[in-house]
Amino acid sequence: MSAPEILRPEVLARLRGLGHADIVVGIPSYQNAATIGHVVQAAQTGLAKYFPGSHSVVLNSDGGSTDGTPDVVANTSGPDADVVLVSHPMRPIQRLSVPYHGLPGKGSAFRTIFRAAELLGAKACAVADADLRSITPEWIHLLVAPVVNQGFDYVAPYYHRHKFDGTITNNVVYPVTRALYGRQIRQPIGGDFGVSRALVQHYLGLPVWESDVARYGIDIWMTTEAICGGFSLCQAFLGAKLHDPKDPAADLSAMLVQVLGTVFRLMETHAERWHAVHGSEPVPIVGFRYDVGLDPIKVNPARMIDHFRRGVRDLESIWQTMFERADMNRLRDAASKTVGGFAIDDTLWAHLVYALAGAHHRRVSERDALVRSTLPLYMGRVASFVTEMADADAGQVEARLERLCVVFEQEKDYLRARWSDGD
Amino acid sequence: MWEVVQHVFAQAWQQFTAQSLALLPNVLVGLLFLAIGTALAVLAGRVAKFLLRRSAVERRANKIGLSSWLERAGILSATAVLVRLVQVAFAIMTAALVMYSLDAALASDLTKRFFFYLPNLVIGVTIFFAGIVAARVVSRSVLIGAVNRGFPAARLLASAARGGIVLLSSAVALEHLGIGRTIVPSAMLILLAGVTFALALAVGLGSRDLVGRWIRDQMSPPTPAEVDEIQHW
Numbered sequence: 001m002s003a004p005e006i007l008r009p010e011v012l013a014r015l016r017g018l019g020h021a022d023i024v025v026g027i028p029s030y031q032n033a034a035t036i037g038h039v040v041q042a043a044q045t046g047l048a049k050y051f052p053g054s055h056s057v058v059l060n061s062d063g064g065s066t067d068g069t070p071d072v073v074a075n076t077s078g079p080d081a082d083v084v085l086v087s088h089p090m091r092p093i094q095r096l097s098v099p100y101h102g103l104p105g106k107g108s109a110f111r112t113i114f115r116a117a118e119l120l121g122a123k124a125c126a127v128a129d130a131d132l133r134s135i136t137p138e139w140i141h142l143l144v145a146p147v148v149n150q151g152f153d154y155v156a157p158y159y160h161r162h163k164f165d166g167t168i169t170n171n172v173v174y175p176v177t178r179a180l181y182g183r184q185i186r187q188p189i190g191g192d193f194g195v196s197r198a199l200v201q202h203y204l205g206l207p208v209w210e211s212d213v214a215r216y217g218i219d220i221w222m223t224t225e226a227i228c229g230g231f232s233l234c235q236a237f238l239g240a241k242l243h244d245p246k247d248p249a250a251d252l253s254a255m256l257v258q259v260l261g262t263v264f265r266l267m268e269t270h271a272e273r274w275h276a277v278h279g280s281e282p283v284p285i286v287g288f289r290y291d292v293g294l295d296p297i298k299v300n301p302a303r304m305i306d307h308f309r310r311g312v313r314d315l316e317s318i319w320q321t322m323f324e325r326a327d328m329n330r331l332r333d334a335a336s337k338t339v340g341g342f343a344i345d346d347t348l349w350a351h352l353v354y355a356l357a358g359a360h361h362r363r364v365s366e367r368d369a370l371v372r373s374t375l376p377l378y379m380g381r382v383a384s385f386v387t388e389m390a391d392a393d394a395g396q397v398e399a400r401l402e403r404l405c406v407v408f409e410q411e412k413d414y415l416r417a418r419w420s421d422g423d
Numbered sequence: 001m002w003e004v005v006q007h008v009f010a011q012a013w014q015q016f017t018a019q020s021l022a023l024l025p026n027v028l029v030g031l032l033f034l035a036i037g038t039a040l041a042v043l044a045g046r047v048a049k050f051l052l053r054r055s056a057v058e059r060r061a062n063k064i065g066l067s068s069w070l071e072r073a074g075i076l077s078a079t080a081v082l083v084r085l086v087q088v089a090f091a092i093m094t095a096a097l098v099m100y101s102l103d104a105a106l107a108s109d110l111t112k113r114f115f116f117y118l119p120n121l122v123i124g125v126t127i128f129f130a131g132i133v134a135a136r137v138v139s140r141s142v143l144i145g146a147v148n149r150g151f152p153a154a155r156l157l158a159s160a161a162r163g164g165i166v167l168l169s170s171a172v173a174l175e176h177l178g179i180g181r182t183i184v185p186s187a188m189l190i191l192l193a194g195v196t197f198a199l200a201l202a203v204g205l206g207s208r209d210l211v212g213r214w215i216r217d218q219m220s221p222p223t224p225a226e227v228d229e230i231q232h233w
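Heads up: the protein sequence lines correspond to chains A and B, in order.
Everything in the first sequence is counted per my numbering, starting at 1 for the first residue and increasing by one.
Everything in the second sequence is counted per my numbering, starting at 1 for the first residue and increasing by one.
Hints in this document: simulated from the structure, not taken from any laboratory.
A few of these clues could be false.
Said to hold, decoys possible - Here chain B is said to cover these stretches of chain A; the calculated rule only asks that three of the stretch's residues, wherever they fall, bring their Cβ under 8 Å from a Cβ of chain B:
(1) 164-176
(2) 229-237
(3) 372-380
Claimed, not checked - Okay, the calculated beta carbon distance ranges per label pair:
(4) A:E324 - B:L23: 28 to 38 Å
(5) A:I285 - B:L85: 50 to 60 Å
(6) B:V81 - A:E324: 27 to 37 Å
(7) B:K49 - A:R313: 51 to 61 Å
(8) A:H20 - B:V81: 37 to 47 Å
(9) B:V138 - A:A326: 26 to 36 Å
(10) A:E281 - B:L66: 54 to 64 Å
(11) A:R313 - B:I132: 43 to 53 Å
(12) A:E324 - B:R53: 41 to 51 Å
What the hints assert, rightly or not - Non-contacting residues of chain B with respect to chain A, defined by C-beta distances greater than 12 Å in every case (computed):
(13) V29
(14) A91
(15) S101
Yeah, the Cβ is synthetic: ideal placement off N, Cα and C, and Gly gets one too.
Work out the full structure: start from the sequences and follow the hints.
This is the structure we're talking about:
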């Protein structure tokens with residue numbers, strides 16, 4: 001029995017009317033009227049400039065925006081030939097804005113984009129976030145060309161970011177993903193990527209689209225499945241990533257649950273694979289690497305340390321169900337230090353993250369509550385990192401993160417032990 | 001006088017031993033039932049556990065989303081709950097058999113009363129345990145949420161939430177059991193009124209400024225200097 005069609009009949013009709021496309025650029029959106037015009041224009045210009053002979057489609061998959069996002073997409077003008085400097089006739093680029101169906105969330109938007117790419121028989125599909133301010137036409141080239149010209153299946157983004165941005169990526173998701181699956185993908189939850197037709201079909205065939213992954217966690221899911229599916233991977237250097245600032249009132253603990261919950265659930269799916277992996281290997285980077293000047297950002301480690309101390313004081317009963325006594329003692333010790341002497345070292349941090357993964361797997365308590373309760377620990381680790389790297393330049397920060405990743409790889413036996421505790 | 005005392009004592013002792021000896025077979029049979037019942041309960045629990053594991057109940061519960069609901073209620077394993085239910089059923093049957101072996105008439109009377117009272121008991125116990133579970137879940141959520149929002153009195157708040165729910169569920173359960181139909185609600189009302197009155201006095205008389213400042217501190221967002229501009233991912 002074939003899978004039920006996820007696209008609406010009118011969307012199907014429009015796609016069938018287009019017939020075929022070589023490249024599909026997908027832009028998932030929700031309330032992005034302020035920025036999506038720039039993203040659409042960059043995508044169209046990139047396609048016109050770098051793939052003038054290809055049939056291309058820019059597809060906006062919208063989650064029911066009420067701020068006029070689809071109208072902005074519809075009214076964004078095409079590339080200016082004088083600006084693009086094409087040297088030969090350019091094929092028209094089709095532009096579609098379609099609503100997605102299914103569970104609300106980015107995953108459902110991706111599913112619509114992938115299904116459209118499959119229907120159009122596209123050789124490559126790139127996806128870019130709708131809130132990007134720093135996207136340029138070159139991003140499209142960098143995300144698509146490795147698939148079309150070099151046979152890669154998954155092109156992960158590689159950005160320059162402020163040394164204190166992306167702290168959850170730097171301190172948790174990158175070290176854990178790298179240690180688990182043995183591939184050094186620097187931005188495993190970057191929102192922009194390129195995929196081959198084979199990988200699109202692989203994704204569409206996996207039974208996750210009605211699960212929580214479709215609501216959130218789609219980025220880490222895609223990276224993990226690309227690695228575990230044995231697809232060929234590369235990274236594209238895209239320069240700086242600047243996007244609309246996130247809502248400062250957004251609940252960070254809920255975001256932590258979304259990302260870490262997906263990472264931990266994927267660990268269960270691929271337990272056999274990651275148990276067998278030791279060390280890690282680099283993933284090639286395409287694109288010309290250059291330094292980017294980034295605006296300074298305000299950080300207040302004292303407030304984060306206060307948050308950490310409150311956690312040590314009040315959440316001990318929950319943490320004791322996850323962490324070993326020695327690690328609990330080290331947390332109490334850290335909480336007693338002044339801001340200047342405060343530190344959560346790499347080994348302790350790796351133990352905490354791995355113990356959380358084990359506790360989540362063994363369901364020592366309600367899973368989401370376990371993850372939410374670790375927000376103070378995360379804040380403590382960020383404060384420790386910020387304090388330590390206050391005067392460091394980008395290169396020194398990268399070297400520091402490399403050391404952290406090596407510790408996560410070295411401590412993997414600790415994870416294996418905590419994973420099977422009590423089995 | 002001493003002879004009378006001796007006579008009464010001898011008579012009492014005689015009656016006691018005679019009745020004890022008459023009851024001894026029943027006690028022995030009761031103990032036998034207890035031992036067999038306990039062994040059967042343990043065995044039934046193990047068999048149930050084995051069968052439930054073989055039939056992949058956890059996986060099925062996980063698949064239909066039941067596990068996450070149970071988790072929220074503090075129940076981490078559907079198998080463990082079902083095994084416990086089987087054991088409780090055996091324990092009740094064993095208790096009935098032990099009572100029948102000791103005194104059939106009394107057991108019959110108690111059984112009748114028990115079954116008559118059973119619906120109230122089931123509802124009362126269910127309400128009480130539901131309250132305990134809800135209190136645990138709510139207090140944990142309140143604690144984590146309060147810590148993550150920087151609330152200084154997080155533990156106090158969590159304890160208050162737990163205490164309130166346990167108190168309420170206990171009162172409702174007792175009401176269903178028919179115990180203290182008027183006393184329990186009255187006590188609750190008095191307690192609530194007392195707390196409200198004490199708070200009103202505290203705010204109105206001595207601590208108005210203190211309470212006002214405390215509320216302002218809790219409600220006001222951090223000043224710009226305190227806000228971090230970190231994009232966590």
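12 Å cut-off, C-beta based - S101 (chain B) kept clear of every residue in chain A: S101 (chain B) is indeed farther than 12 Å from all Cβ atoms of chain A, at 41 Å.
Do three or more residues from the segment 229-237 of chain A put their C-beta atoms closer than 8 Å to C-beta atoms of chain B? violated (count 0)
A cut-off of 12 Å on Cβ-Cβ distance, and V29 (chain B) was said to be off the interface with chain A. Does that hold? holds (41 Å)
Quick check on a hinted range of 28 to 38 Å for E324 (chain A) and L23 (chain B), using CB atoms only. violated (55 Å)
Taking a Cβ-Cβ distance under 8 Å as contact, does the segment 372-380 of chain A have three or more residues in contact with chain B? holds (count 4)
I285 (chain A) versus L85 (chain B) beta-carbon gap, inside 50 to 60 Å or not: holds (58 Å)
Residues of the segment 164-176 of chain A with Cβ under 8 Å from chain B, three needed, outcome: holds (count 7)
Do the Cβ positions of E324 (chain A) and R53 (chain B) conform to the proposed distance bound of 41 to 51 Å? At roughly 29 Å between Cβ atoms, R53 (chain B) and E324 (chain A) fall outside 41 to 51 Å, so the hint is violated.
At the C-beta level, are R313 (chain A) and I132 (chain B) separated by a distance inside 43 to 53 Å? About 25 Å separates the Cβ atoms of R313 (chain A) and I132 (chain B), which means 43 to 53 Å is violated.
Does the Cβ distance between V81 (chain B) and E324 (chain A) fall inside 27 to 37 Å? Because 29 Å falls inside the window, the suggested range holds.
Verdict for E281 (chain A), L66 (chain B) (Cβ pair) under range 54 to 64 Å: violated (41 Å)
So does V138 (chain B) sit 26 to 36 Å from A326 (chain A), Cβ to Cβ? Holds - the Cβ-Cβ distance for V138 (chain B) and A326 (chain A), about 32 Å, lies within 26 to 36 Å.
Comparing the model with each earlier hint shows violations of hints 2, 4, 7, 8, 10, 11 and 12; every other hint is respected.
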